[in-house]
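Asker: Chains as they are written, first to last, in our numbering: chain A, 1 to 376; chain B, 1 to 644; chain C, 1 to 251.
Since the hints were made in silico from the structure, they are not lab data. As the structure is a computational prediction, the values presented were derived from the model and not from experiment. Yeah, the Cβ is synthetic: ideal placement off N, Cα and C, and Gly gets one too. Check before you lean on any hint, since a few could be wrong.
Derived DMTMM-like pairs: lysine to aspartate or glutamate, alpha-carbon spacing no greater than 20 Å straight-line [said to hold, decoys possible]: (1) C/Lys213 - C/Asp106; (2) A/Lys328 - B/Asp347; (3) A/Lys367 - A/Glu244; (4) A/Lys83 - B/Asp70; (5) A/Lys75 - B/Asp506; (6) A/Lys75 - B/Asp70; (7) A/Lys347 - B/Glu460; (8) C/Lys171 - C/Glu131.
From the structure, some residues in chain B lie toward chain C, with a derived Cβ separation under 7 Å [said to hold, decoys possible]: (9) Ala110; (10) Phe214; (11) Leu241.
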Amino acid sequence: MRKDARQKVVLATVLASITMVLAGCANLPATTMYTYGDHATRILDLLMIVFWMAVAVFVVVQGALVYTVVRFRNKPAATTLPKQIHGNTKIEIAWTIAPAIVVLIIAVLTFRTQAANSVMPPEAIKIRSVAHQWWFEFQYFNQDGVSLSTPIVVDDQNQPTITTATDMYVPVGVPITVQLDAADVMHNFWIPKIAGKTYMIPGKSNYLTFTVTEPGIYKAFCAEFCGEAHAQMHFRLIALPAAEYEAWKANVSKIPAAATGTVQVLGLTGDASRGAALFADAKKQCATCHIINGTDAKGKIGPNLTYLGSRTALGGAILPYSVDNLAKWLQDSNAIKQGNLMGRVIKKGTLTDQEVADLTAYLDSMKLSVALPAEK
Amino acid sequence: MAIAEQKLTSTAPTTKESFQWRSWLATVDHKKIGIIYIISAFIFFIIGGIEAMLMRVQLGTPNSTFLSADLYNQLFTMHATTMVFLVVMPMNVGIGNYVVPLMIGARDMAFPRLNAFSVWLFLGGGFLLYLSFLTGGATNVGWFAYAPLTQTQFSPGQGVDYWILGLGLTGVASIAGALNFIVTVLNMRAPGMTINRMPLFVWMNVVVSFILIFAFPTFTVASIQLLFDRQFGAAFFNPALGGDAVLWQHLFWFFGHPEVYILILPVMGMISEVLPVYSRKPIFGYSFVAFSGVGIGFLGFIVWAHHMFGTGMGPIANGFFAAASMVIAIPTGVKIFNWIATMWGGDVRLTTSMLYAIGFISMFIIGGISGITLASPPIDLQQTDSYYVVAHFHYVLFGGSILGLFAGAFYWFPKMTGRMLDEKLGKAQFWLMLISMNVTFFPMHILGTEGMPRRIYTYESGMGWEMWNFIETIGTFFLAFSVLMFIYNVLVSLRSGEVASNDPWDAATLEWVVPSPPPSYNFLHIPHVTSRRPLWDAKYPHTTADDHHGEKSAPSQIRYEYSHEDSPGAKEIHMPTLTFMPMVLSAGLTVAALGFIYINQAILGLPIRTASYVFVAIGIVMVFYAIRGWVLDSRRDSPYLGHH
Amino acid sequence: MSSSAGQAHHGEAHQKPLVGSMGVDSRKLGLWAFIGSETLFFATLIVTHLIFYARTSNTLSSVGALELLDPRLGYLAIELTTVLATLLLASSLTMVLALAASKARDWKRFRIWQLATILLGASFVGGQIYEFIHLYHEGLKLAPAFEMHLSHEAHKALTALNLDPSIVRLKEAGEHATALVPSLFGVTFFVMTGFHGLHVTIGIIWLIAIYVKVSRFPESPENPMDIELGGLYWHFVDLVWVAIFTLIYLI
Ligand code: HEA
Ligand code: HEA
Ligand code: CUA
Ligand SMILES: [Cu+2]
């Protein structure tokens with residue numbers, strides 16, 4: 001039984017490793033093996049070298065192990081003792097040096113990539129991202145106002161020109177430096193196809209510089225455990241050609257037009273202007289947490305909802321945007337995202353279906369015209 | 001060999017001594033204490049494993065609602081806490097406790113009562129940790145409890161406080177145990193058992209004990225500071241009030257990385273005992289294996305920040321910790337190559353224990369190499385906090401520590417119980433466990449590379465993660481089954497297993513001189529040791545000529561008189577008497593800690609708070625009572641102090 | 001730890017009780033290792049304190065208010081602490097004398113010196129409690145901010161700086177004014193010195209136990225070692241204070 005079982009193991013391992021390489025090659029939504037940003041690409045190049053060195057080490061050492069066991073496994077008629085060898089200093093020195101050389105090479109390559117990945121070109125566009133439990137906020141500034149040398153501090157003097165959430169818009173082909181901050185606990189900023197992770201730490205600003213090479217919508221996560229809804233703290237990077245990016249900036253800076261129109265949702269007709277009134281109504285509490293530019297809604301706890309109608313996703317990028325999903329969220333966000341802070345105030349039944357429909361109509365009415373690229 | 005067999009295999013006594021609770025609860029015998037450690041650690045292994053299975057069932061399918069987010073977070077935190085602090089550490093300590101004194105020719109640990117205190121305090125800590133499940137939820141902040149999520153405003157409830165104090169108790173227990181090991185090995189060695197003749201398992205236990213006494217205090221202080229944050233609003237780790245969240249990471253990992261070597265080095269020691277015996281050769285490069293262990297111990301203290309590459313320490317700091325981490329590949333490689341060389345040219349007997357030892361090497365190579373990729377900061381930035389890391393540490397912790405512990409279990413079970421485990425069943429279990437652990441943990445490398453973050457209680461479909469997660473979940477059930485096979489093997493063998501001789505494996509070290517199981521005093525006559533393989537040299541005098549680099553040594557004088565409790569001479573041997581005081585002391589500390597958790601809970605009404613004061617008071621009284629009794633006991637045992 | 005399986009070797013000719021293959025008393029070996037462990041315990045506490053003191057002094061000096069609000073100058077009374085330090089150092093001396101006396105089997109002198117050590121230690125703890133209470137009234141509390149009483153000049157000077165209230169908030173209540181400074185100086189100071197005080201207290205209890213035991217069994221050959229162990233721990237505790245004193249009070 002021992003023999004064929006060992007063959008099974010070998011077979012299983014070989015198959016597994018092959019499938020690993022294959023699977024690694026499939027361009028999955030969040031894979032780190034298909035990169036569209038210089039930061040991630042440099043890492044991938046390094047990984048590929050180290051991976052094959054690791055495979056070599058693995059084959060050599062594992063091979064030596066298996067060969068030794070197979071060759072010297074007990075022969076039934078072994079009556080005499082094997083020769084009692086206690087060691088050999090020359091060999092010891094040899095196999096102390098061998099791994100040393102391998103790791104030295106890995107170290108040198110590592111330092112090269114690390115240096116390349118930690119430069120912050122002065123011409124980089126600077127965006128601030130603030131992590132909250134459990135959603136990402138993005139702030140844009142008029143660039144001549146900010147310099148790379150000093151951290152962006154938001155106060156009465158220095159307010160962002162654009163504040164949005166969940167969708168992070170960036171131009172393609174230009175270096176972006178993101179200042180990473182956290183409002184409550186630690187989070188971790190990760191766009192697998194674009195760049196490696198960087199912590200978002202309360203009380204300490206971190207910086208990450210990357211250049212996106214292709215227009216597209218990229219999946220991104222909070223990678224550091226940050227509490228109950230950590231699993232559902234995502235965002236999306238939307239990389240646009242420079243011109244379209246500028247157009248987006250221009251449009252999103254404008255105050256939304258007065259809300260009009262209706263939507264059909266939950267089998268009801270939601271009316272945007274009624275929704276606007278509800279949103280402003282203190283009893284409904286929307287405005288205590290959310291901002292909508294140009295209205296009295298100035299809450300700072302939740303995400304800024306201006307132009308929610310053209311977001312690609314909701315609830316920390318866990319629901320694709322649609323009026324139905326928006327209505328679902330307003331009805332009972334706890335069912336969608338356990339522990340989310342809005343769900344502690346707006347519970348199931350807090351809003352009537354008609355109110356939900358009206359609010360949906362209102363929020364959906366704030367739309368921009370952006371030509372979205374394909375999901376990568 | 002044949003001659004040796006006749007001379008040595010005097011079958012152990014089958015004296016059916018009736019089981020008395022007192023002889024266990026009040027014991028100060030290192031062997032009984034070792035058994036208590038081993039059994040409790042194994043029970044915790046099953047608990048931690050079941051927690052893992054629940055997590056795996058939840059993750060087996062996308063958008064699963066089997067567990068709530070919060071319960072899942074409690075489970076992965078307690079799973080890790082259990083496996084690290086309540087399974088591998090106490091299992092190592094337990095086996096060490098049983099075997100080390102025998103290996104160095106001693107009759108007990110240096111401080112038998114302190115030893116009993118350690119085991120009961122460890123159980124007290126484990127009790128607190130699991131009590132929290134019943135008192136409103138266990139800790140749910142991850143096993144390294146990053147600040148400021150641990151602050152009261154983000155983690156209300158007492159889960160984190162239970163975690164701090166539970167680990168506080170086990171920490172004190174571990175330090176006490178480590179001091180005991182250090183003194184025992186340095187001071188209780190039989191005549192002739194010089195440092196460079198000590199078995200490598202003993203070596204690694206000393207190294208680990210030193211790592212432990214220097215690494216643990218940092219964690220103790222950090223957790224005390226966290227406790228002050230939560231109970232008295234101190235804000236050490238609360239940036240909102242001027243504290244520093246990253247400081248916690250430094251303090252935790254300054255302890256945390258040495259901790260992982262605390263988990264692996266004793267197991268490497270076991271491997272270094274098992275391989276030579278089943279290769280019927282001495283260990284290759286004894287001093288290199290020993291000193292590479294020391295080297296790993298030292299290096300382990302200067303690599304901690306490789307867990308923090310993403311926190312923006314800057315390229316210089318990252319570079320330093322990266323280089324230091326990679327250097328560890330060298331001493332570890334030395335160990336692995338020497339193990340292979342030990343088997344080279346040997347008569348390799350593939351017993352279950354040997355299979356596990358070889359499996360350990362094989363799996364540890366994989367885990368170690370993935371560690372090297374993580375040690376490269378740029379690569380780590382993609383792999384950190386993803387399932388790739390989860391893969392890495394399960395290969396070193398399960399493929400390493402756990403497989404190695406099974407090698408030790410099959411090796412020493414006969415010595416501890418006087419019965420052999422069933423080899424056929426054991427080998428079947430080995431192959432099932434080896435395959436299913438790879439089925440469970442190998443795909444995690446892929447998931448990490450495909451962008452699956454760790455510590456997520458669920459994931460949406462369409463990410464391409466479904467298949468691998470499902471396969472892992474299946475693997476877990478096979479793992480569980482292989483563990484069940486082991487449980488079955490133990491239960492059957494204890495009753496009807498083949499009776500074990502003193503020296504069933506034709507081994508080389510002193511624990512195999514005495515009967516299986518050994519009498520309470522271990523050795524009727526303390527052996528006089530003259531070489532690294534005292535028993536072997538006594539059995540095969542002609543092979544001692546080429547002993548360690550020609551240093552000629554006469555065969556160790558070992559006397560094989562068949563000895564048990566009522567053999568002549570045994571009466572004169574004075575062993576410390578039974579005492580409950582160590583247990584009372586640990587219980588007192590546990591009660592006080594439990595009370596302290598609620599000492600300052602403003603949210604709780606007055607009655608509960610006063611109750612907590614009462615608890616603390618009772619605990620302190622018990623502590624003083626126990627110390628008093630302890631002193632009186634030692635006085636009774638002391639030949640000089642009055643009433644005998 | 002007064003139990004030792006050295007005792008497990010009675011009747012073994014080749015092993016004297018308590019002394020093992022290192023030729024050292026087991027308890028002494030264990031105590032040395034324990035002291036090694038304790039060193040890291042206190043090192044961590046001291047480092048934490050220094051880190052947060054550096055933070056505070058940097059922010060204060062960045063706004064030019066350090067010389068007025070430096071918590072070290074403002075709170076730590078060098079005089080008192082110097083007295084305490086000398087008490088503790090003296091107690092180390094008397095401990096040495098007590099040990100010497102016991103070696104000479106002069107139990108009368110031993111009792112005197114041991115008692116002296118205990119009293120000196122007790123007065124240190126007393127002094128520390130007094131200092132804590134004093135500091136508490138001075139506005140240094142176990143809280144992430146301290147509220148320092150200001151002289152008129154100091155108050156004027158600070159108002160002149162018109163500081164960002166997030167760094168220093170000035171309060172004025174009729175006659176006396178205070179400055180509220182967010183800082184972990186107090187927290188780290190109390191936790192560090194408090195744990196040292198706890199160790200001193202344990203040391204005192206230990207020394208008392210030795211005193212009682214030795215007076216009860218003057219003939220026991222274990223006495224010198226028991227006393228030496230108590231002394232070893234006592235010297236360590238003193239040394240820790242010397243470290244704290246030089247690092248926190250002097251430089
Ligand atoms: C038994 C436990 C154990 C062991 C032995 C190791 C061993 C190593 N670990 Fe591991 N590690 C953990 C347990 C362990 N680790 C745990 C639990 C975590 C995660 C904690 C958490 O986040 O929850 C972790 C996380 C972890 C990280 C952080 C990842 C992250 O969170 O971002 C890193 C980064 O450097 C790392 C590196 C290493 C290295 C370099 C080794 C080296 O010691 C490995 C050396 C061994 C070899 C290299 C193989 C044998 C050598 C040869 C065959 C010679 C030839 C080889 C070469 C030339 C390469 N480990
Ligand atoms: C020694 C340490 C150790 C060991 C042995 C294990 C063993 C296992 N671990 Fe664990 N694990 C950790 C240490 C360990 N783990 C750590 C440190 C973490 C990090 C936690 C954190 O992020 O904070 C972690 C995290 C972790 C995760 C990631 C959670 C997350 O990030 O979301 C997962 C997921 O699959 C996992 C799975 C497993 C499995 C399936 C086993 C299996 O090997 C378990 C096999 C054992 C059994 C199955 C027990 C046998 C059961 C029986 C005999 C009873 C039979 C009962 C029934 C069939 C009902 N572990
Ligand atoms: Cu934010 Cu995880
Ligand atoms: Cu580590």
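Asker: Hints first: check each against the structure and report whether it holds.
Answerer: Structure-based check of all given hints:
| no. | hint | in the structure |
| --- | --- | --- |
| 1 | C/Lys213 - C/Asp106 | 15 Å, holds |
| 2 | A/Lys328 - B/Asp347 | 70 Å, violated |
| 3 | A/Lys367 - A/Glu244 | 16 Å, holds |
| 4 | A/Lys83 - B/Asp70 | 60 Å, violated |
| 5 | A/Lys75 - B/Asp506 | 17 Å, holds |
| 6 | A/Lys75 - B/Asp70 | 56 Å, violated |
| 7 | A/Lys347 - B/Glu460 | 24 Å, violated |
| 8 | C/Lys171 - C/Glu131 | 25 Å, violated |
| 9 | Ala110 | 5 Å, holds |
| 10 | Phe214 | 6 Å, holds |
| 11 | Leu241 | 4 Å, holds |
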